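> Residue numbers (our numbering), protein chains in the order written: chain U, 1 to 234; chain V, 1 to 180.
Just so you know, these hints were derived from the structure itself, not from any lab.
Be a bit skeptical, because a hint or two may be false.
Estimated spans, in silico, between C-beta atoms of each pair [stated by the list, open to error]: (1) R44(V) x A234(U): 23 to 33 angstroms; (2) P159(V) x A186(U): 52 to 62 angstroms; (3) S24(U) x D27(V): 36 to 46 angstroms; (4) E185(U) x R123(V): 23 to 33 angstroms; (5) D86(V) x T67(U): 46 to 56 angstroms.
Some chain V residues flagged as far from chain U (calculated, every beta-carbon gap over 10 angstroms) [as the list claims (entries may be wrong)]: (6) R19; (7) D27; (8) K132.
Source: prediction; values computed, not measured.
Backbone N, C-alpha and C define an ideal beta-carbon position, used for all residues, glycine too.
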Amino acid sequence: MTVNPTPDKDDDMLAAEYALHLLSPAERAAFDDRLDVDGALRARLADWSERFAELADDIAAVDVPVTLRARLEKAVAAPPAFAPARQSGFSLARFFGGAVLALSIGVAVVTLLPDVRLPGALAPDFFAELATPEGTLLIAAAYSEASGELQIERSAGTPPPGRVFELWVIAEGNPVPVSLGVLPEAANAVVQVPEALRTVLPGAVLAISDEPPGGSPMEGPSGTVLATAALTEA
Amino acid sequence: MTTPEDIEALILATASGDRGAFLSLYDATGAKLFGICLRVLNDRAEAEDVLQDVFLKVWRNAERYKVNGFSPMTWLITVARNSAIDRLRARKARGESLDVVADLPDGGPSPEAAAIAGSERARLVGCLGELKPDRAGAVRGAYLDGQTYQDLAKRYDVPLNTMRTWLRRSLQTLKECLSR
């Protein structure tokens, strides 16, 4: 039930216009920004998208020239075969087009790391580099399966005044990103990854978002996702 | 027969880098998505080019499917349609108006599409039938042909704001019908 039906109704119309691609580029961009933080809006969009997709049922399939399949086969065969989600213009909206499911996993503990390196036996075996296309943020992450520790080294970028960076993992099987904690002000930190997440971390996508102090007040990032990168084997 | 579950399984396998699954996904859905690109762009070469982009996006971003809340075909259709509309708008921005009036016939759903369509579907078309034909036509024009408010205003020869008001009212009526 809603106490204020008018904005809901407006949002519903806006979501329908967005789904139809009728909004102006500026309106579309503003809607994308809202999708990043508004789960109800994402659900409205998913609902309209499903409804409108019915219209596509009437579009007949058309045989594609066979050369395209060969081109695709070649494109995906070229190593590196799979490089998920390290792209400019990443929008959370595309990640979260629809309803978000509940998930409760304890937030990881982030500790400050004095400038000490781990012993060789626990050398990290998965790496990710989280960077904005403009180079305004550069965070290297290194994960050791043996120790369950994720080392973070921030070589460029600080949060805006009164904001913090929060680290997330987008793992297979988890419908929403899971917080790995708020990054400290110091450039280096070690995240002790919770047991439940250790098996999924290799190959998972890490993300950094801009959040209020204390981190996102909601499940999943509430602010802009600044960079994402997959943790890939060294 | 390709079920939504099959399509979903192929998307999930693609997300884990399974090239065979990716090509199977292409085999199962490529012709349908080509039809959608062609409907929006009305140019085979351009539609083929966009379709290639669509599948490369699917290959790179398949892991996003899991968290977006769309059903598998809706996700693929949305990726294809958005890519085609982006290309259409870019073409218009370059001033290359093909002055397209979509002349592709609205065939009935292909057996494949009918198989893929979920049981929840087929309500929208019924609700569109409750609108005046020109109003329903505007909704279809926006979805199927990627027409903008400007295009629609021109097509129906009404001022832009009138078109906007019309369409929003139509959407409201649709919503009420779908909620019944």
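> Hint by hint, note whether the structure agrees.
Hints and how they fare:
For R44(V) and A234(U), the Cβ-Cβ distance of about 45 angstroms falls outside the hinted range of 23 to 33 angstroms, so the restraint is violated. In this structure the supplied range 52 to 62 angstroms holds for P159(V) paired with A186(U), their Cβ-Cβ distance being about 59 angstroms. A hinted range of 36 to 46 angstroms holds for the C-beta pair S24(U) and D27(V), which are about 38 angstroms apart. Between E185(U) and R123(V) the CB atoms are about 54 angstroms apart, so this pair departs from the stated range of 23 to 33 angstroms.
Separated by about 23 angstroms at the C-beta atoms, D86(V) and T67(U) break the suggested range of 46 to 56 angstroms. Chain U draws R19(V) into its interface by the beta-carbon criterion, the shortest separation being 5 angstroms against a cut-off of 10 angstroms. Some Cβ of chain U comes within 10 angstroms of the Cβ of D27(V); the nearest lies about 8 angstroms off, and the non-interface call is violated. Distance to chain U confirms K132(V) as a non-interface residue, since its nearest Cβ pair spans about 17 angstroms, more than 10 angstroms.
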